[in-house]
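*Asks:* Protein chains in written order, with our numbering: chain D, 194 to 701; chain X, 194 to 701; chain A, 194 to 701; chain B, 194 to 701.
Just so you know, the hints here were simulated from the structure itself, not pulled from any lab data. Among the hints, a few may not be true.
No copy is singled out in the list; a pair is fine if it fits within one copy or between any two copies.
Claimed, not checked - List time: in silico SDA-like cross-link candidates among lysine to any residue, alpha-carbon distance up to 25 Å: (1) K279 with Q293; (2) K527 with Q339; (3) K499 with L577; (4) K687 with Q432.
Please read all numbers here as calculations on a predicted model, not as lab measurements.
Protein chains: 4
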Amino acid sequence: SHGSRSVFLSSGNSCQIQFADQKQEFNKRPTKISRRSLSRSISQSSTDSYGSAASYTDSSDDETSPRDKQQKNSKGNADFCIKNIKQADFGRREIEIAEQEMPALMALRKRAQGEKPLAGAKIVGCTHITAQTAVLMETLSALGAQCRWAACNIYSTQNEVAAALAEGGFSVFAWKGESEDDFWWCIDRCVNVEGWQPNMILDDGGDLTHWIYKKYPSMFKKIKGIVEESVTGVHRLYQLSKAGKLCVPAMNVNDSVTKQKFDNLYCCRESILDGLKRTTDVMFGGKQVVVCGYGEVGKGCCAALKAMGSIVYVTEIDPICALQACMDGFRLVKLNEVIRQVDIVITCTGNKNVVVREYMDRMKNGCIVCNMGHSNTEIDVASLRTPELTWERVRSQVDHVIWPDGKRIVLLAEGRLLNLSCSTVPTFVLSITATTQALALIELYNAPEARYKQDVYLLPKKMDEYVASLHLPTFDAHLTELSDEQAKYLGLNKNGPFKPNYYRSAAA
Amino acid sequence: SHGSRSVFLSSGNSCQIQFADQKQEFNKRPTKISRRSLSRSISQSSTDSYGSAASYTDSSDDETSPRDKQQKNSKGNADFCIKNIKQADFGRREIEIAEQEMPALMALRKRAQGEKPLAGAKIVGCTHITAQTAVLMETLSALGAQCRWAACNIYSTQNEVAAALAEGGFSVFAWKGESEDDFWWCIDRCVNVEGWQPNMILDDGGDLTHWIYKKYPSMFKKIKGIVEESVTGVHRLYQLSKAGKLCVPAMNVNDSVTKQKFDNLYCCRESILDGLKRTTDVMFGGKQVVVCGYGEVGKGCCAALKAMGSIVYVTEIDPICALQACMDGFRLVKLNEVIRQVDIVITCTGNKNVVVREYMDRMKNGCIVCNMGHSNTEIDVASLRTPELTWERVRSQVDHVIWPDGKRIVLLAEGRLLNLSCSTVPTFVLSITATTQALALIELYNAPEARYKQDVYLLPKKMDEYVASLHLPTFDAHLTELSDEQAKYLGLNKNGPFKPNYYRSAAA
Amino acid sequence: SHGSRSVFLSSGNSCQIQFADQKQEFNKRPTKISRRSLSRSISQSSTDSYGSAASYTDSSDDETSPRDKQQKNSKGNADFCIKNIKQADFGRREIEIAEQEMPALMALRKRAQGEKPLAGAKIVGCTHITAQTAVLMETLSALGAQCRWAACNIYSTQNEVAAALAEGGFSVFAWKGESEDDFWWCIDRCVNVEGWQPNMILDDGGDLTHWIYKKYPSMFKKIKGIVEESVTGVHRLYQLSKAGKLCVPAMNVNDSVTKQKFDNLYCCRESILDGLKRTTDVMFGGKQVVVCGYGEVGKGCCAALKAMGSIVYVTEIDPICALQACMDGFRLVKLNEVIRQVDIVITCTGNKNVVVREYMDRMKNGCIVCNMGHSNTEIDVASLRTPELTWERVRSQVDHVIWPDGKRIVLLAEGRLLNLSCSTVPTFVLSITATTQALALIELYNAPEARYKQDVYLLPKKMDEYVASLHLPTFDAHLTELSDEQAKYLGLNKNGPFKPNYYRSAAA
Amino acid sequence: SHGSRSVFLSSGNSCQIQFADQKQEFNKRPTKISRRSLSRSISQSSTDSYGSAASYTDSSDDETSPRDKQQKNSKGNADFCIKNIKQADFGRREIEIAEQEMPALMALRKRAQGEKPLAGAKIVGCTHITAQTAVLMETLSALGAQCRWAACNIYSTQNEVAAALAEGGFSVFAWKGESEDDFWWCIDRCVNVEGWQPNMILDDGGDLTHWIYKKYPSMFKKIKGIVEESVTGVHRLYQLSKAGKLCVPAMNVNDSVTKQKFDNLYCCRESILDGLKRTTDVMFGGKQVVVCGYGEVGKGCCAALKAMGSIVYVTEIDPICALQACMDGFRLVKLNEVIRQVDIVITCTGNKNVVVREYMDRMKNGCIVCNMGHSNTEIDVASLRTPELTWERVRSQVDHVIWPDGKRIVLLAEGRLLNLSCSTVPTFVLSITATTQALALIELYNAPEARYKQDVYLLPKKMDEYVASLHLPTFDAHLTELSDEQAKYLGLNKNGPFKPNYYRSAAA
């Protein structure tokens, strides 16, 4: 729910929030979900399918709900709820493999371990539960924190990783294929504990924060800060802040420069190829492709496809990005100029109804349509669910939509994010995200009280640079240091930050 | 067995061939296979695992051998042996999808259908049995031919496609997971038929040709020619020819210019990325990679990885290719100069023992090792099967080999071809191959007797150009025609061939 | 004098400014210049050599100073001072050629001509006087303005263009090869006119502004605003503003997004190749190059050289840019790691003493050293002016510096900006700059008084986007328009601006 | 005269050759030249303008013909005829600079010096006389040869280099700006010497060979072989051979693999940018370009322009090259589809009348037209020399051709080769050529008599590889050596050749 839900209810003392647009929100949900009786708002991202992580996970036939069976780890601890504790060994190996590609967190363990900067921290987290998250959690623990964790998505949990975490003593409440009721139950189990109260929140999507606002508003008295990962969650926080209802400082780690560049330009450069190949085996050479939107995501897609020998057209609304597309060697067109001739259509706009039925009616037979943007609104998929069109599921995440005359278009992931659904996110990108989260937690937890008010903050530039620097050894990359004389000449501190305050990642 | 097996036995009248090096051959086989008691030589490629095609195939629990159950198609025909005729509908859809990406064959059907250039042809074929092959077979049929078909690989058959072909009236003998005995039984069922004798052979690997030479040499009296697809099979044919034992004309379609460029440069440019991503999810950006060999395959790999932001080193033995690597922007090194620092090692040499144990001992933790060359000899995998090293299968086609100190390298496809095992071959590439095969069959079948002797021929340049031209409409590509004046100036026929005889694809 | 001179003297009533650091300033000047007795401060850029523009200019033997001869144009007007009015026809043709590549200004003439948005404007300008500037001046005139103009650089004037302008009725005071005294005399002639007082300033380098501050401070009473083009001039303005001494609104057009991207990334991508080729004819393929600094300029240089087959290393101080270099496929090193092996060294840092003598001592024979950064301080050229080294001028802008052992390095443009000295700036880039200047003048001249205070402003985002949009027709590029629904969804005005306020070009 | 002149007259005993098509030849000459009374055939290339080399040369005012003044070098030797012996020092420096970029020849001096493989060789040469040729000549001398030399082009001689050679004792007869009579006089002075008779010929264009055939056919009795550099000269030799009139073995070094790749793909990749930039200062980013022909030259041009952000269209007649263009990401079109929209037209076909008047009539205003192919016939320049069109020379090598409606196209080098006329050939490319020439001379001079008959030969593959290997150290490139086991496996000699006989460079 891209920017739509600012609605938090609180009966507590400090913050008064109301459900303002719940009704509107419900109308926006996909049919399948809205048929269920939802007693609570759930972030849309929490029900997105999440392809790749799931692929390593067992498809055990045991249909008993984890909530209905009691499990203990080898030390007798039972304060968790997961699919199957017996998968712990397999999960541990996955975690070890992930550790090898997350050197920054491992370095953080080493550098900061002596001082335990998170000693006393009681972190409640709600994120995807994957091997990479496990490396983060075990790092937080090594730095002194206690952690309780739930999943931010009902499909994305790697059961064997959850098992390994439970075996390692973490209180994890998550499994792949939770119901919506399970989803909130797990979150509640994380925070509603006798004799333990969180003092830090790590959230991805805002559902955990929402739950505490709604059910346990008084908890915020002890909470030192919120670290939020997602666009949606950050949007909620800004709206809370604007409304004067944000009770604690919050760190927006979504917009850190390093994360942005990696999540968008560099990651999409690879995942557009991966996502298309895994779903369609299409040969890129010689294909005509139109990419809608030339922001960082579009730039990444265009660069990759051009490099593979595709002929790429670009559409844009912003003349500055448009001029960049021209200079980068792409014909700037309106969609209707090329829609009949292209083999692949990719949306990267963040906008809605970019590819509408009228365009799809004019596509040629076999045209592939997919979305790399920030939401599932870019392709008007609903317009394809009409009686005269036949849908044929040809592979996982691949539908043929067939016109009466036999023409078929190939729709990927039903218009949802291709790179989340049909490709994997490299561990290296997740490492940057996880490191940023860890540093944000450390910063908020240790900052003198005056530093952060009840507002939403970006990660300090210097810490952003620190995240980047922790990832350089992976590439055996050697940074040059300024001499005193040079630092003075440039008016910079030798240790950074090296960029002015107005520097932003989003500049395209 | 890259160039090693020239061994055909014939008791027939026209050709005397002996098992010359069978013993040597057996020693070369991988352990697993040579443990089995092999009563006959089988091409190594026939037992290669064949990943991608298999992925769409059912994993039915029915363990009855197809040889033990009688099946009929809907018209009561039972002259086939496949897994399950009930899968025909599903297979038909796969064929229809493939048809959309094989426009050249479809055009061939249209253009040549009137004249039925293969009327009277009785073709026995032995190739991978996939949707793309089905499009070829149905094209041959549309051109007038009768076809009987077996699989050239015990793993690669798409059962549902075989079912669709059987349902369509083709005599197909193939299923996924044949035993070696099954393999030869199927081939025999194709040729050993009462009242039907083949007059054309389409082979991929030389096993079918070998079987006829061995068992039914007299059949060659009626056979007008052999079309052979593979390096191995072509090598066998050249050796037969050299030995004066080739009884009929043979067409080497492996070395057609169009096929070479596509199979090597363009296909590898895409499949190296696809193969690495599907197996390891590695992020390419910033990775240090060494590519051994800078022929067409190496050039494709290097170009793709460079475009994705990898830092690529090249090794070469040939100074001309080496100089090209330099001019293309790659550091030319010896493997030992960079082996400690690289993240990925890719072999593309066609040579043996390029990556030996000594190098693998010095690789860094997590180094990925894979082979894109022409054989499975490039990486000395045998040297890794020693007691002190632990093998851990982490995913299909992915092994971690772990040293005593904990270092692990990531070995893909056990050193076999990455792009066959771990990625898919785009239909477009297969379309070029299939079209070339069809044209070669037409040429050999219709050529006046004097044109071809008992020798191995390359596809005439003009037909090679014709294959290319049939694929241009896919790209909406418009060829320019020479004016009479220009043709005269250049000394060319307006319709080609446009290249001199000495033109070869292999030139790097 | 990158950021060093904030020194304006004013005896006027409104603004009290003092020479604060004149002494320091003088010490920073290159030896050659500081040896001259300078009675006034002159911007360093005003004496930079300026290669390309000069190359089309006559090298007439007439050594009479233009100040000493009276000339009239064909209408009898003599209010100008240029080299030779007879060259007007040749200059007119150059202007006409430039017009063809400056469609944005031509469009501006058409669109805005009806309303004459500069009616009443009296603009005094001090810029390079080239064909492109002439197109700007004639556009300003067409929009209603009166113009008087001097050169901002003593070498860069295209005499024939100045002649054409004079013939066309413009009061131009400029010629190629002015002395420093000439330089200020020309500026004075522009402003010190009976019965005419400027109400707008267009400056490039700040010298004109400085002169008015110093000599005619009361003029500022009537001046509505300053438009400043250069880094140096903008820096001066910010310092004035900081000191509370800026008397009128000023528009910093140097930092407009469009200009930045073009001046840096896109322009340098081409000019690095051009500059190196014209001076050294070096073949790029296979060359090892180190680029110091991975900002926009460095990114442009690296991309171009990589594309031409060079092997490129990068040095950086900022971990974020460093990580980008890694992801873009460049080895990140310290200069000393590669200094012995590289063939070309390029500085793009904006820093000082990046390439010092110690490094140059270790370069290999024939190494090319040049500067693409923002100042001439990056290479420590002074350190090469020692007795044991021999300088040999081998071509214009190319020196061999020879070590006692015979090793020579190839120093380009004596360490000054390679792209200004040794390549040309494409008209298209100048078109963007000129259009931005024109729009800034219109904005400042027409803005309601309350809109701009006595401060330095960036061009409003919307006008930046307008400049970009005016250049799209050159590429036959078609912008997509938001629907009402989409604009609402995104929270944007349909006509832009499309970027948030914090959007900046500098983001790397 | 691309392939037109097979005409050699011989009155000698061994070879009877006649002027077959002289008349036709004369009609093909450019007007300016054919106006002169030509008493002899001269290769067209000998009168091509030759831009870059000339740029370093003095434009001395001394108009005395070198033939009219007697000069001596410092040792009193007068057996030469050049512009001005006093320029020897300046020329020597140019030679020394060239030596630094011709490491292969320098290595050859070292390696072969001991054995003097050219001891006794008397070489007469006719090539461009540049610093690079000087390095070749001094290498030949160091290897034991005596040399006499003339220029193969009337414009290309670097006078100061000729002076340095004369000062060094070489008998050089050449200056910049020879008349046609001078041209043949110089050649004659080389061969018509008392007491000295050449036994080897090194030719570039075939004029020297022609002269000897015509004037001194008996000389061939002592001549061991001809080494010919140019397409034209090679063509003449093949025709002689075909006609049975070739008296001695000849080595075609034009078609060596290494030279071809460098002269075409790699050199054009750089020179297309350089040539366009130096003449027009055009910005490449966003420009629409059509490249006619996708052989090696076209591939180089396309790759470079695509890399610089141009949008490139390709035309082709050959479906195989066409398919490659598609796979490389270029739209394949007919010229008339894009002629109205493109900004730049580049011919690379080797064909004639590719860009005819009809197309030029439809080009848009400002369109740049140039030729990178093998002859000056590709653009129908003659069709532009009509009364209604106005020609305006705007710079050296740049003409505006202006239509009655004011539209102008920008024609470069009057349709002659852009890279010869408007850019420089990198020394590195010339180094490959010169090394190939030296090795060919050594081979022919030392080969046992039986090895070469009176025919035209390609450089043996192994020597081609040797040339390449001598250039690898420039790139600090390290070649891998085959182990004995690997060589055996591949069926190769460890020292090469590594490519089969049918391997050719031209395959693209």
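*Asks:* Can you tell me if K687 and Q432 fall within 25 Å by alpha carbon in one copy, between copies, both or neither?
*Replies:* Result: close only across copies, 24 Å inter versus 37 Å intra.
*Asks:* Within a copy, between copies, both or neither: where do K499 and L577 come within 25 Å Cα-Cα?
*Replies:* Neither: 30 Å inside a copy, 38 Å across copies.
*Asks:* At most 25 Å between C-alpha atoms: does K279 with Q293 qualify within a copy, between copies, both, or neither?
*Replies:* within (24 Å within a copy, 47 Å between copies)
*Asks:* Can you give me the call for K527 and Q339, within, between, both or neither, at a CA distance of at most 25 Å?
*Replies:* Result: close neither inside a copy nor across copies, 54 Å intra and 41 Å inter.
Checked against the numbered hints listed earlier, the structure breaks hints 2, 3; every other hint is satisfied.
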